[in-house]
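Take these sequences, add in the hints, and give me the full structure.
If you read the protein sequences in the order shown, they are chains V and X. Residues 234 to 739 in my numbering are what the first sequence lists, from first letter to last. Residues 976 to 1009 in my numbering are what the second sequence lists, from first letter to last.
To be clear, the hints were calculated from the coordinates, so they are not data collected in a lab. Hints are supplied without guarantee of correctness; some may be wrong.
Said to hold, decoys possible - Taking CB as the label site, the calculated pair distances span:
id, chain 1, residue 1, chain 2, residue 2, range
1, V, Ile240, X, Asp981, 47 to 53 Å
2, V, Ala696, X, Tyr1000, 45 to 51 Å
3, X, Gly989, V, Gly337, 41 to 47 Å
Quick reminder that beta carbons are idealized off the backbone N, C-alpha and C, glycines included.
If you want the building blocks of each chain, they are given just below.
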Amino acid sequence: MADVITILIIAIYFIAMLAIGAWASKKVKNTEDYLVAGRSLDMWVFILLMIGTVASGMSLLGVSGLGFKLGWPTIWEQIFVPLSIGFCIIFFGVKLHTIARSAGYITVQDYLAHRYESPVALRTLSAIAGIIVSLIYLVGQYTAIAIVLIAIFQIPLWLALVIATLVVTVYTTIGGLFAVAWAGVVQSIILLVGVCVMAPLIIFKAGGFTYVNEVMSSVNPNLVMPWNPTGAFALPYVVSFAVLLMVGLACAPHVINNVLSIRDVKMFKWAPLIAFVAYGIVMFLLKFTGFAGQVLVKEGTIVLPKVANAGDYVILEGIKVALPVEALWAVFAVIVLAAVMSTTDRLMLTIGAMFSWDIYKKILKPDAPDATVLLISKVVVVLSALVTMILAINPPEMLAILIWMGIGVMLGTFAVPLLAGLYWRGATREGALASMSLGLVTALLFGFLNYFKVNTMGIDFAAIPLHFSAYAFIISLVAMVVVSLLTKKTADKILDETLTGWYISR
Amino acid sequence: MFGLPDITIIAVGGVVLVVTAALLYWGLTFKGHD
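Dropping the structure here:
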């Protein structure tokens, strides 16, 4: 078990989160307050909420792990993950927020149902697809929380998961998006400050930025190139990977729904640049920490556990040698917990919104009173936490593959119906249904074929030049264009109401 | 520079500069929806 100071530091963090939940619960009067924070968030709260939502457990453990394993060719995620926030705001947020204020949207499914005149079919398909991909992504987050709590406290997996689930579930359930947003403010500040302090310590411990690059170059010159000549992270793959991160994350249900919660669309003016710079600095530092791990391991300063994802432990082991004060490791644990929990809470709330609002209120029981919808939102938040906690305790093999596919499936499913809906007046309901369903199915199909390295019909799916999600995106796009051209056009009145056209703002 | 080949500095630095400039332009020109 951990020492008293470690337990105290983690306990203070947990109590702070619960206090935010208790405070936020007093502001929740109806479903709109609960699911979109009464459309009242200011710019800085919104920016930090967006950073917290995008910054998942993978941002800390996985980013440095990938840098450790493959070097500079993976640096592009440091640019395109932070840019996903700006992409989401500019290409989705400006229009969606403006329409949402007049039409009273609570979820992005409201927009899809309105724009494509499909109050049942497309709303149901997109809500169910959104719930499935969010649940999958959520399990991955809980797994990351468990890794950190086990490493710091040396407690069993089930206990680590119960503690983490309990805290996140309590503050999310009672406070809704108000709690998620303000917890996100604290969590994002912890993440930004914490990484800016701790990452340089690891890099200096390894001998400094230039020395780290020189050592990597001597081990393998490809480790310091912007892309690999062939194989993983060759140029075509890098381009598709960049699109995946920027567009896939931007249209992920737990990210895009945030744009409905801001007070005034004018707050979108500087939010993209501020989010890009702030989160970009953190992401670059995390990647450099992974590079530093190359040196620390090569010179025997740290030893990684002999597990398949050993690279994910680089930052944990690096901080232990760079910061030789055991009590302060708990601070690092809080940073990781902050990153993971800021995504977890938003995912749970998004699942609650998609079920209670899109499935229950809009399809099953349109006359349901607001109090009932609010109650169902809270029940679904708790249920989603319980289901994912149980799955994370003993994750089936299939689940690990689905988590790996996460953002790719989001890109294949949601990107084309959203972009075409907002910018192409020719996009039709049938086109959207075909695009979304084919995108979802082909993203899963290409993901499996790529993951299992299937070689069939003369195609080696282990060596396809682009990220698997790019093929699903292309198929989804072709389906949208072909089916839309063959089917009845959407009424001009609807297109005007939903600000459809080749512009962002006018 | 920094122990890196020129192509890495140019490619990564170039993309960061272009993205930053684009977001700066957005900030300077966006007036909000009417």
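Hints versus structure:
1. V:Ile240 to X:Asp981: 47 to 53 Å: Given about 50 Å between the Cβ atoms, the range holds.
2. V:Ala696 to X:Tyr1000: 45 to 51 Å: violated (39 Å)
3. X:Gly989 to V:Gly337: 41 to 47 Å: holds (44 Å)
Going down the numbered hints, you'll see the structure goes against just number 2.
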